[in-house]
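Once you've looked at the hints, dock chain B against the given chain A.
Residue numbers (this note's numbering), protein chains in the order written: chain A, 1 to 412; chain B, 1 to 412.
Be careful, since some hints might not be right.
Copies of one chain are not kept apart here, so a pair can be met inside one copy or by any two copies together.
Said to hold, decoys possible - Heads up, simulated SDA-like pairs for lysine to any residue below, C-alpha to C-alpha not over 25 Å straight-line:
{"hint": "1", "residue 1": "LYS66", "residue 2": "TYR330"}
{"hint": "2", "residue 1": "LYS140", "residue 2": "SER61"}
{"hint": "3", "residue 1": "LYS128", "residue 2": "SER8"}
{"hint": "4", "residue 1": "LYS66", "residue 2": "GLN346"}
{"hint": "5", "residue 1": "LYS216", "residue 2": "GLU2"}
{"hint": "6", "residue 1": "LYS387", "residue 2": "GLU376"}
{"hint": "7", "residue 1": "LYS33", "residue 2": "TYR102"}
The hints are simulated quantities; they were obtained by calculation from the structure and are not laboratory data.
Protein chains: 2
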Amino acid sequence: MEFSMMASHARGKGTKPDAVFAVLKRANDAMAKYGKEKVVNATIGAIYDDDGKFVALSSVSEYYRKMADEEMMSYAPIAGIPEFLQAAIDYAFQGNQPENTYTAAVATPGGTGGIRHAFYNYLEQGDKALIPDWFWGPYKTIADEHLRGVETYKMFDEDYNFTLEDVKVKTGELLAAQDNVVVVFNTPGHNPTGYSMTDENWSEILEFFKTQVSDKQKKITVVVDMAYIDFVGSSQKTRNFMKLFGGLPENILITLAFSMSKSFTSYGMRSGALIAVSSSAEVVREFANGCQFSSRGVWSNGTRACQRLLADMMKDPQLKAKMDKEREQYSSLILKRADIFIKEAQEVGLKMLPYHGGFFITVPAADPKATAEKLEADNIFVVPLKKGIRFAVCALPTQQMSGLAAKTKAAL
Amino acid sequence: MEFSMMASHARGKGTKPDAVFAVLKRANDAMAKYGKEKVVNATIGAIYDDDGKFVALSSVSEYYRKMADEEMMSYAPIAGIPEFLQAAIDYAFQGNQPENTYTAAVATPGGTGGIRHAFYNYLEQGDKALIPDWFWGPYKTIADEHLRGVETYKMFDEDYNFTLEDVKVKTGELLAAQDNVVVVFNTPGHNPTGYSMTDENWSEILEFFKTQVSDKQKKITVVVDMAYIDFVGSSQKTRNFMKLFGGLPENILITLAFSMSKSFTSYGMRSGALIAVSSSAEVVREFANGCQFSSRGVWSNGTRACQRLLADMMKDPQLKAKMDKEREQYSSLILKRADIFIKEAQEVGLKMLPYHGGFFITVPAADPKATAEKLEADNIFVVPLKKGIRFAVCALPTQQMSGLAAKTKAAL
Chain A
1 MEFSMMASHA RGKGTKPDAV FAVLKRANDA MAKYGKEKVV NATIGAIYDD DGKFVALSSV
61 SEYYRKMADE EMMSYAPIAG IPEFLQAAID YAFQGNQPEN TYTAAVATPG GTGGIRHAFY
121 NYLEQGDKAL IPDWFWGPYK TIADEHLRGV ETYKMFDEDY NFTLEDVKVK TGELLAAQDN
181 VVVVFNTPGH NPTGYSMTDE NWSEILEFFK TQVSDKQKKI TVVVDMAYID FVGSSQKTRN
241 FMKLFGGLPE NILITLAFSM SKSFTSYGMR SGALIAVSSS AEVVREFANG CQFSSRGVWS
301 NGTRACQRLL ADMMKDPQLK AKMDKEREQY SSLILKRADI FIKEAQEVGL KMLPYHGGFF
361 ITVPAADPKA TAEKLEADNI FVVPLKKGIR FAVCALPTQQ MSGLAAKTKA AL
Chain B
1 MEFSMMASHA RGKGTKPDAV FAVLKRANDA MAKYGKEKVV NATIGAIYDD DGKFVALSSV
61 SEYYRKMADE EMMSYAPIAG IPEFLQAAID YAFQGNQPEN TYTAAVATPG GTGGIRHAFY
121 NYLEQGDKAL IPDWFWGPYK TIADEHLRGV ETYKMFDEDY NFTLEDVKVK TGELLAAQDN
181 VVVVFNTPGH NPTGYSMTDE NWSEILEFFK TQVSDKQKKI TVVVDMAYID FVGSSQKTRN
241 FMKLFGGLPE NILITLAFSM SKSFTSYGMR SGALIAVSSS AEVVREFANG CQFSSRGVWS
301 NGTRACQRLL ADMMKDPQLK AKMDKEREQY SSLILKRADI FIKEAQEVGL KMLPYHGGFF
361 ITVPAADPKA TAEKLEADNI FVVPLKKGIR FAVCALPTQQ MSGLAAKTKA AL
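Next comes chain A alone, as it looks inside the complex (with noise of 0.2 Å):
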């Protein structure tokens, strides 16, 4: 073997080349080439307007610029502003805390640094996270980083509806060859399909969580990726499901991985929190403690403009209305882009996985490699994934949608 100064885990690591990278550096040379409205760019997990501009909220970027340097440039405390953490907790519910149940947050680099928390502290090495087989990448990646696994359960049947079916079979299986289980959902406005699971979906896979740990010595931690929870309707119906998390046993613990990239424009900002939700209170002292201890370990602190901006939002109606109606326009802009290809689909008989909101649509291929070659001699880039096409409707401009569904129905 070559020589290596790294430990035997960390060797090799990182070799293989980033394909989102690859595919974002051709479609930018092509518009360098042919020019920006000839190239159709449907890579990158941003919002852009329909001029091609990158959409920052106004108000705030304006409130970054204008807080004092003191909350801008000081240290946070480790687990968050207190104020921040209240605030994360109130705005990822937004009323619909379920009753009788404890919550704690700890201020986490985006959602990743959430995610990076739960699957390290709640799984044992070796242990496998289950995520859906329609997966953002860096799941698999923080669960490898940490020595975890990951195992994939199906999200949709063969005629893409969505299917509890084998987050079932798979708790099951993971259960029985492992004490705590970490079980991924991305919804509402799941990444890469736009999936959002109904209420009557999360009350039937709690009820089967709870058939799942009678023995207390299994231990179910659900993570709820909500990184585009603000991008899919309004902000009452697509939080309905969180009520659902009262009433579960101390062994079935609920995470919220909160991030503020996308609600706040914030992506390079680094701001989120993971939050837990528990009928025990000493589940969630647990939670405080131990991931407040990780943050130590791991990072120090968190972004403190970030935090600040979340906290003095939450307690200033008027600024938080101003924020959400300028949110509101852009999540509408994104639906409406999904709009024109969903219906042109339809018309020309392409499939699609069901798109209901969130940044991405996802058109299942064969060949997903093949299909994404053909569409980049037509100069539109997309993103293939292993059993499909992902479009980044987030950064596409509405006049570039229409046309793209028949394009993509000739390249399958």
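Leaving out everything else, chain B in the frame of chain A:
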């Protein structure tokens, strides 16, 4: 045993209260009760001016305020903006990069993130990192979080002179027990003592390390925690030791934990980089790949605004000169405050650990908690360490320095 949701390795974490936080709270309570000028708060690890106000370099603050939305709020690449990575290397060395070495950098949240990557990737699970006996507490937290341990080396002999004897002994012992050894030097301007290793210290220890790795299975990774390097003296003199990192065998890897927290008063913005220096291109490539993977698997990416600032500054000599000048004023202010304490300590015969720069001064104490309590009775708030008490001269108004040494002597 009580019920726990967490995996076995994570149980019981974070139940010990944070010592610094508790003192800080008492100091704040005292200030509210007696007035700011009546209280000496020597606990805060950030620069405050002589009016007791948080210091932000105005040139840095202004740059954040006027930065384009996209630079402030959009994602940076996982490893960091390429110009930032080069800027971090250039800023760290400022012309002192050793000849015939390869370098690479990966963006991290402050220095903490870099130390995390080094401990995790360059030690096997269960291995120990070698850190000074006077140490920044989180070194141990970082090791604990990742199921590594720490061994400490004595920094000073009985007369409080710096010694390399124990580093050598402990390095030999650890290399006998494990293949990978990570040794941390927090220099120049060591936290908590203010000691700066001389070029002779560095030559001596590097020569020793070379004698320890003739067996290629044995590997030494040096972490230079350079958080306080810009608060010691002229950038040329303080960085000269870096030239000595050339000509090392491939199984000695040097890493620099560069942090923007202090040098750019951007503590709460969370930016820095871990920089690798090696005679082997392959070792540096492995570092870049492995650490980028780690970043993706822990926090995704770094704060873009800070990366943009550093990248732009290194391309703009005028902007750099402006920031350097502003920083030097505060660096001088801190050294001036320390000088008052040092002079008075000599006058009253108070022993202290050798201070050359940085944010903290440390006085050895047989019973640090008792001494700290006595000082608190006099409204002087310090952080008790294992073998001494720490004064944050970075935060103490100059007019409060006089008399502190005598009061400390009396409290011992």
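Hint by hint, here is what the structure shows:
| no. | hint | result |
| --- | --- | --- |
| 1 | LYS66 <-> TYR330 | both (24 Å within a copy, 24 Å between copies) |
| 2 | LYS140 <-> SER61 | neither (33 Å within a copy, 38 Å between copies) |
| 3 | LYS128 <-> SER8 | both (20 Å within a copy, 15 Å between copies) |
| 4 | LYS66 <-> GLN346 | neither (48 Å within a copy, 46 Å between copies) |
| 5 | LYS216 <-> GLU2 | between (47 Å within a copy, 12 Å between copies) |
| 6 | LYS387 <-> GLU376 | within (18 Å within a copy, 65 Å between copies) |
| 7 | LYS33 <-> TYR102 | neither (56 Å within a copy, 34 Å between copies) |
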